[in-house]
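Enquirer: Here are the chains, one letter per residue:
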Amino acid sequence: MNSETLNTLDTYSKNKYKYGFVTEIDDEKPKKGLNEDTIKFISQKKNEPEWMLDWRLKAYSKWKKMKEPKWSNLSFPEIDYQDIYYYSAPKGFDKKPKDLSEVDPKLIETYNKLGIPLEEQKVLAGVAVDVVFDSVSVATTYKGELEKLGIIFCSIGEAIQKHPDLIKKYLGSVIPPGDHSFSALNSAVFTDGSFVYIPEGVKCPMELSTYFRINAENTGQFERTLIIADKGSYVSYLEGCTAPKRDDNQLHAANVELIALEDAEIKYSTVQNWYPGNEDGKGGIYNFVTKRGLCAGKNSKISWTQVETGSAITWKYPSCILKGDNSIGEFYSVAITNNFQQADTGTKMTHIGKNTKSKIISKGISLGKSQNTYRGEVSFLRKADKARNYTQCDSLLVGNQCGAHTVPYIDSKNNTAVIEHEASTSKINEDQLYYCRQRGLSHEEAVSLIVNGFCKQVLQELPMEFAVEAQKLVSISLEGSVG
Amino acid sequence: MNIQDNYQKNKKNIFFSENKDIQTHREKLINIFQNDRFDKKNNESLKNINLKNFIDFKYKYLIPEETSVINNNQENSYSIVCVNGQCSSFKDDKIEITKILDEDYNDFSKNDTIENNDHFVNLNSLFLNSGFKIVIKKNNKIKIKISNIITDDGLTIFQKNNYICEEGSSLNLIEEYENKNNSTSNILNVIKLEKNSQLNHFLIQDNSPNHNLIITSHSSCKKDSTYTQKVYNFSEGYVRNFHYSELIETNSEVDLQGIFFLKDNNTSNNKTFVKHLAEDCKSNQVYKGILNDRSRATYFSNTHVDQVAQKTEGYQLSKGILLSDNASYFSKPELKIYADDVKCSHGSTIGPIDENAIFYLRSRGMSKIAATKILISSFINEELSSIDNEQMSEIIQKKLVRYLSKVK
Chain D
35 MNSETLNTLD
45 TYSKNKYKYG
55 FVTEIDDEKP
65 KKGLNEDTIK
75 FISQKKNEPE
85 WMLDWRLKAY
95 SKWKKMKEPK
105 WSNLSFPEID
115 YQDIYYYSAP
125 KGFDKKPKDL
135 SEVDPKLIET
145 YNKLGIPLEE
155 QKVLAGVAVD
165 VVFDSVSVAT
175 TYKGELEKLG
185 IIFCSIGEAI
195 QKHPDLIKKY
205 LGSVIPPGDH
215 SFSALNSAVF
225 TDGSFVYIPE
235 GVKCPMELST
245 YFRINAENTG
255 QFERTLIIAD
265 KGSYVSYLEG
275 CTAPKRDDNQ
285 LHAANVELIA
295 LEDAEIKYST
305 VQNWYPGNED
315 GKGGIYNFVT
325 KRGLCAGKNS
335 KISWTQVETG
345 SAITWKYPSC
355 ILKGDNSIGE
365 FYSVAITNNF
375 QQADTGTKMT
385 HIGKNTKSKI
395 ISKGISLGKS
405 QNTYRGEVSF
415 LRKADKARNY
425 TQCDSLLVGN
435 QCGAHTVPYI
445 DSKNNTAVIE
455 HEASTSKINE
465 DQLYYCRQRG
475 LSHEEAVSLI
485 VNGFCKQVLQ
495 ELPMEFAVEA
505 QKLVSISLEG
515 SVG
Chain C
491 MNIQDNYQKN
501 KKNIFFSENK
511 DIQTHREKLI
521 NIFQNDRFDK
531 KNNESLKNIN
541 LKNFIDFKYK
551 YLIPEETSVI
561 NNNQENSYSI
571 VCVNGQCSSF
581 KDDKIEITKI
591 LDEDYNDFSK
601 NDTIENNDHF
611 VNLNSLFLNS
621 GFKIVIKKNN
631 KIKIKISNII
641 TDDGLTIFQK
651 NNYICEEGSS
661 LNLIEEYENK
671 NNSTSNILNV
681 IKLEKNSQLN
691 HFLIQDNSPN
701 HNLIITSHSS
711 CKKDSTYTQK
721 VYNFSEGYVR
731 NFHYSELIET
741 NSEVDLQGIF
751 FLKDNNTSNN
761 KTFVKHLAED
771 CKSNQVYKGI
781 LNDRSRATYF
791 SNTHVDQVAQ
801 KTEGYQLSKG
811 ILLSDNASYF
821 SKPELKIYAD
831 DVKCSHGSTI
841 GPIDENAIFY
851 LRSRGMSKIA
861 ATKILISSFI
871 NEELSSIDNE
881 QMSEIIQKKL
891 VRYLSKVK
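In order, the protein sequences belong to chains D and C.
Read in this note's numbering, the first sequence has 289 at position 255, and its numbers run on one by one without any break.
Read in this note's numbering, the second sequence has 649 at position 159, and its numbers run on one by one without any break.
There are no misleading hints in this set.
Taking lysine to any residue pairs in the SDA-like style, the calculated list, with each CA pair at most 20 Å apart, reads: (1) D:Lys-202 <-> D:Asp-213; (2) C:Lys-501 <-> C:Gln-513; (3) C:Lys-537 <-> D:Asp-445; (4) C:Lys-889 <-> C:Ser-875; (5) C:Lys-499 <-> C:Asn-543; (6) C:Lys-772 <-> D:Ser-458; (7) C:Lys-833 <-> D:Gln-435; (8) D:Lys-104 <-> C:Lys-530; (9) D:Lys-104 <-> C:Ile-522; (10) C:Lys-627 <-> C:Phe-580; (11) C:Lys-628 <-> C:Asn-566; (12) C:Lys-772 <-> D:Asn-434; (13) D:Lys-393 <-> C:Ser-835; (14) D:Lys-104 <-> C:Lys-822; (15) D:Lys-417 <-> C:Arg-786; (16) C:Lys-801 <-> D:Leu-467; (17) D:Lys-461 <-> C:Glu-769; (18) C:Lys-833 <-> D:Ser-458; (19) C:Lys-712 <-> C:Ile-738; (20) C:Lys-801 <-> D:Gln-466; (21) D:Lys-265 <-> D:Glu-299; (22) C:Lys-712 <-> C:Ile-654; (23) C:Lys-822 <-> D:Leu-415; (24) D:Lys-388 <-> C:Pro-842; (25) D:Lys-388 <-> C:Asp-815.
By construction, these hints were calculated from the structure, which means they are not laboratory data.
With the rest of the complex left out, here is chain D:
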């Protein structure tokens, strides 16, 4: 460790105590419930300008008139919005486990299987450590490099303060606050998230990730991420991490907006592994995510890759609006559900411009008593000449109490556009299983190998370091339910 890093660590750790971080939080316990005061409280807490508060309040007044979308194939008890904390500040040290021995041993076991270093394990499990050695040093060195290139990478709160022009122009431009009730809710109460701006012609040299952002300790339950790739730029963004994460907040409603201008490319990868509830389906996170990308300029490209293994309920449709001519949208997804998990996930590709192309590869695996639904919409509007889509969604069923469903919506209004869709559902091929077992693999290993092969098409789209962990994650998700 060089001296510069050590200095940074020093100042960082001192700062935390200097401002009496812990006591301050204890004094201001936020109230439960959603009303204008809550929103004003959040806005004040974040020190936001007047126009931002207005924006939030407008979204709130829209939300009041809306009902939750009901078309998904999910069943869950009604959400009581007045029984939720909307501003969750970081936890005080005294509430956190003191060291790893106080953490659920099952969790530690999983970390070890994933090969996560000890220091990182502490952060993930929420152990009270002053400073995380690895990520801070990484973050500081990265930050300098990014600044040199003119890349803005900060929290959304910071961006509202420092880059109001960009925020005013782009926030809510892809997902209007009034789109549906979860987007309105998020617009009213979002507390954290990332903001990325890649200037014209810049290729971002590294994968950006919330993990490396210093203040990412509490990626909030209402996350708002905005990524803008200016003309000719490129960025790859990673969200989440492979390790299972506990969170006290049951309801999550994140909004992610991507904007790719002319010739720009955005690659967005997610690994979602929130707490899925226990084996009897008790607890677990409700994850209602709206993700949408706009290919605004010619020749732009947006690519979504997701590995969804966590959450009791996943409601998530990363979509692309292909507005610019020749723009490309891609969606790669692996969704694994086990025990009582329910996932309703898919994508939406809206072809507006000429020669636009989209590709959808979705793999669903259901185990235990879970329900896994692919829901996707591909639509070609009148002017989408020569547009092209290819969709493939495969489902694998393991066990006879789970369900796999496919619900594609296909709409073509242009006679030069070509659309192809295929889907299949089956159980694990007996012959393949036999072959593997004959060569000495246990039943569980064999299933894991076959499932990994089944997902390969998607996993290979993940950035290198993620891909290795994701493979392990797939195997872990299958554990205990096979055989």
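Given chain D's structure and the hints, the job is docking chain C onto it.
Expert: Below, chain C without anything else, positioned relative to chain D:
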């Protein structure tokens, strides 16, 4: 006029309006209409429909003067002319034809496979004014041809038919809908297949532009039975084909096929729904559409596999060709699977005619129109060549030639 007033006013012309049970059922339906108000946004089966024709209609029904004719022209072969949805009674040792009765209505209203939000089925139950029941007796092989005739302009036919194929029987049923007058038919066929029975059902639809045809069918298949349905829609008026099937006992099979040819401003809505409720059953759904000019079509298909229905094979395929810039096609092939030992798949394509294929044919000296026509015919050739009835295939070929002559 709203639906409730319409119903109250014409009550005396509607079947079974004296029956208490049916009355309460109908009141329930009226409530559904009032609460739902044909909400297009949340009920996708109403997509593309000009609802005004169906909600705000003028109820008019005439009991036909001349009774229909039933000919037993050849052995085991019958032809029936069904006038305004009515059919006179007939009985021999092979088949029995009667009017529909209260109990048939009740039998049907308890069925919940047809979703409650299928408003057209509910309208049918509410305004029911005609229909018949055909029973094919045990171990008989029968051919029936039904021609549907509507006598006057402005008639609204709400017809319920019951088909029962008893054990070991086999029925070849051809239905023709060729109406030239300005009227609306809303028909519901309820089909029951007993053990080891078979029904081949052909529907040829060729109506004029101002005739609206709404056909819904529901079949339930018992052990070892097979239901095959082939729909050919050449109509110039609105047609709705919704077909529901239930495989309730093992080793039964259902095969639903449809081809529609649309042009001008025409619309067609199609749906197939297969529910696998027993082991070892097979289903197949194939729908193909050719859309020209400003025509629009929707196709919903749904394969539902229940938890007990292991060893299921369920296949779906939908293909659409758009011949013009202004045509649009919406398809939604759904799979809902709750059992693990299944083989299910679906495929769906929408696009223009393959340019390379056209190029190939043109480079061999064909004109563009000729090449297009050849490729359209080959697109549906697989289905047409599978018709084993010569007479049928001739009729369909003729209609196809007529459709192709308008393609430019």
